[in-house]
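Below, each chain spelled out in residue letters.
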Amino acid sequence: MAKSDPNAPRRLALIASKGTLDWAYPPFILATAAASMGWEVGIFFTFYGLTLLRPKLTAAVSPLGNPAMPMKMPFGPEGFQQISWPIPQLIMANVPGFNALATSLMKLTFDKKGVAKLEELRQMCIDLDVRLIGCQMTMDVFGFKREDFIPECKIGGAATFLEYAADADVQLFI
Amino acid sequence: MEVIKEDQVLDCSGLLCPLPVVKTSKAIKSLEIGQVLKMIATDPGAPADMEAWSRQTGNELLRATQEEGKFVFYIRRLK
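The listed protein sequences correspond, in order, to chains A and B. Under the working numbering, the first residue of the first sequence is numbered 1, with each subsequent residue one higher. Under the working numbering, the first residue of the second sequence is numbered 175, with each subsequent residue one higher.
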């Protein structure tokens, strides 16, 4: 389908469907990078991704179901930091507080390596006029209200996103 | 090598993707058309990303070098 305006800037349309810390990064990173290149960007937050529009971001990470996640320590001597700890999934699943530990280790690792915080990336999106669209249907399913989300986002449905995505040069489901 | 005179310096040392690109984009908008931004980065992805960014934004990447283990870019604002 031809673009409705051939002179419009390039456009990126993203669907953010996951709310864990690891999966929250890709949409915000791609959105800020594309917007910095002068592209128009819209992100449709649906299902668990919708939580990324809450005023307070609580995204956590679980090594469970992510068997390829390197379990490395972000502190100590370099040799120690290089060790990928072979912790069986069965142990990770049963040790209380393991997800909280993994989350704080990942946040510490990101911070030390110079990765922006999720909150910072989201604010950059807002400053760069990225269109943030919360999924109305997900709100209804999980019992959220408009005021549960940041005022900068818009609320819309599948048709809202599809109309935006139809004119996009790049469309990604994350 | 010809000396390029920069009008502004942006140090992105220690920052990873997408921060060098985001900060460069912000900084270049504060320059006049024709002025030059010197950007310093340590992100190993920066050389490829700055080339792509320049192509996409229509600004001119005058030079990309390495100095003392850091990547140094000179970009002229064209748009």
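Source of the hints: derived by calculation from the structure; they are not laboratory data. As the structure is a computational prediction, the values presented were derived from the model and not from experiment. Incorrect hints may appear among the rest.
To be verified - Label pairs and their computed distance ranges (CB to CB):
1. A:A8 to B:K203: 49 to 59 Å
2. B:K203 to A:K154: 22 to 32 Å
3. A:K117 to B:G208: 50 to 60 Å
4. B:E225 to A:E120: 36 to 46 Å
5. A:G143 to B:R229: 23 to 33 Å
6. A:K56 to B:K200: 40 to 50 Å
7. B:M175 to A:L162: 43 to 53 Å
8. B:L236 to A:F47: 43 to 53 Å
Said to hold, decoys possible - To spell it out: a stretch of chain A is covered by chain B in this simulated footprint if at least three of its residues, at any positions, have a beta carbon under 8 Å from a beta carbon of chain B; those stretches are:
9. 36-50
10. 67-75
Unchecked claim - Here are some, though not all, of the chain B residues that point toward chain A, as calculated from beta-carbon distances under 10 Å:
11. Q182
12. S187
13. L189
14. L190
15. C191
16. P192
17. V196
18. D217
19. A226
20. Q230
21. L236
22. A238
23. Y248
24. R250
The beta-carbon is built from N, C-alpha and C at its ideal position, and this holds for glycine as well.
Which of the stated hints cannot be reconciled with the structure, identified by number in ascending sequence? Checked against the structure, the hints that fail are numbers 1, 3, 4, 5, 6, 10, 11, 21, 22, 23, 24, while the rest are satisfied.
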